[in-house]
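Numbering-wise, the sequence shown is residues 1 to 342 according to full-length UniProt numbering.
All clues stand as given, with none of them false.
Only pairs whose alpha carbons sit at most 27 Å apart, straight line, appear in this in silico DSS-like list of lysine-lysine:
hint	residue 1	residue 2
1	K177	K253
2	K93	K38
3	K79	K4
4	K87	K140
5	K177	K257
6	K79	K93
7	K87	K38
8	K249	K177
9	K4	K140
10	K87	K4
11	K79	K188
12	K177	K188
No lab work stands behind these hints, which were simulated from the structure alone. All values derive from a computational prediction rather than experimental measurement.
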Amino acid sequence: MTYKIAILGASGYTGAELVRLIASHPSIEIAALSGNSKAGQSMAQVFPHLRHLDLPTLTTIEDVDFAGIDLAFCALPHKTSQEVIAKLPRDLKIVDLSADFRLRDPQAYKTWYGNDHAAPELQEEAVYGLTEFYRDEIAKARLVAGTGCNAATGQFALRPLISAGVINLDEIIMDLKCAVSGAGRSLKENLLHAELSEGAHAYAVGGTHRHLGEFDQEFSALAGRPVQVQFTPHLIPANRGILATTYVKGDPKAIHKALEIRYVNETFIEVLPMNEHPSIRHVRGSNFCHIGVVADRRDGHAIVIAALDNLTKGSSGQALQNANLMLGLPETEGLMMAPLFP
1 MTYKIAILGA SGYTGAELVR LIASHPSIEI AALSGNSKAG QSMAQVFPHL
51 RHLDLPTLTT IEDVDFAGID LAFCALPHKT SQEVIAKLPR DLKIVDLSAD
101 FRLRDPQAYK TWYGNDHAAP ELQEEAVYGL TEFYRDEIAK ARLVAGTGCN
151 AATGQFALRP LISAGVINLD EIIMDLKCAV SGAGRSLKEN LLHAELSEGA
201 HAYAVGGTHR HLGEFDQEFS ALAGRPVQVQ FTPHLIPANR GILATTYVKG
251 DPKAIHKALE IRYVNETFIE VLPMNEHPSI RHVRGSNFCH IGVVADRRDG
301 HAIVIAALDN LTKGSSGQAL QNANLMLGLP ETEGLMMAPL FP
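Make the full structure from the sequences, and use the hints.
Structure (structure tokens):
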């Protein structure tokens, strides 16, 4: 059986990544593509690297015919996404890549994103889309909220350690290096080549990054008490990738063992041998996440490092992984491509 899907916001990076992944998917057909600012153009005009594909012309969201569509991916900005999704057919399965349904508490959403939620009844329905940890709920869901790419990377490193009780929850420091595509495709002065290349800088310093809302929500629920991590992201002059270096207090061997046990049957999560650490160049263009543990020179301390591609495992690959579950398809279908190297 072939399922028909629509991609809303197909003219952005995550939309294009969805097209790239789904193009070779044996059970999914792209039936509609929207991109309001590019409506009327072909995907070949907007993304020449996709010109070999026979794809629908981009339209406005209002012109998408949802009759016969089994699932829609919403690759739209936050705030816009909730307004659009609230108007979609109630029987349509949806995977949202924005931030609009990630936080279960509407007040937390207002705190981190600065506006009241426009569809709180849908927020109650949404399932958090970190596939490896919400697999059963996702398979039964109508609406799945994709995680933030930074939030996913940090959670892959830390969730098993919190659950296993092998780290001090009050001493977690997370340093992320983030590629520029995570900021989206909109024109921004600070993302111009001359402004960004040959340098790197911290941003959202001091606990203001919005993905902290996800860390607070998920880690506190796991621990059964409030957990707040120190978190500083850094923008680096790379197109793809996130490298999360996390400093924790606990026995390094116990930490490594907890990760091995939790991920032993997970196709997309690779735990490296003890004292080896990953690189974003080894996961580029793939749906894999590599995690390494290195013992610190101080007894009872460890460094946990996770690497993934923000556009694939951190966003569009995760979205397709979730869609596979929602449609009753093998979870790995369309996602087993090897990383690009060099």
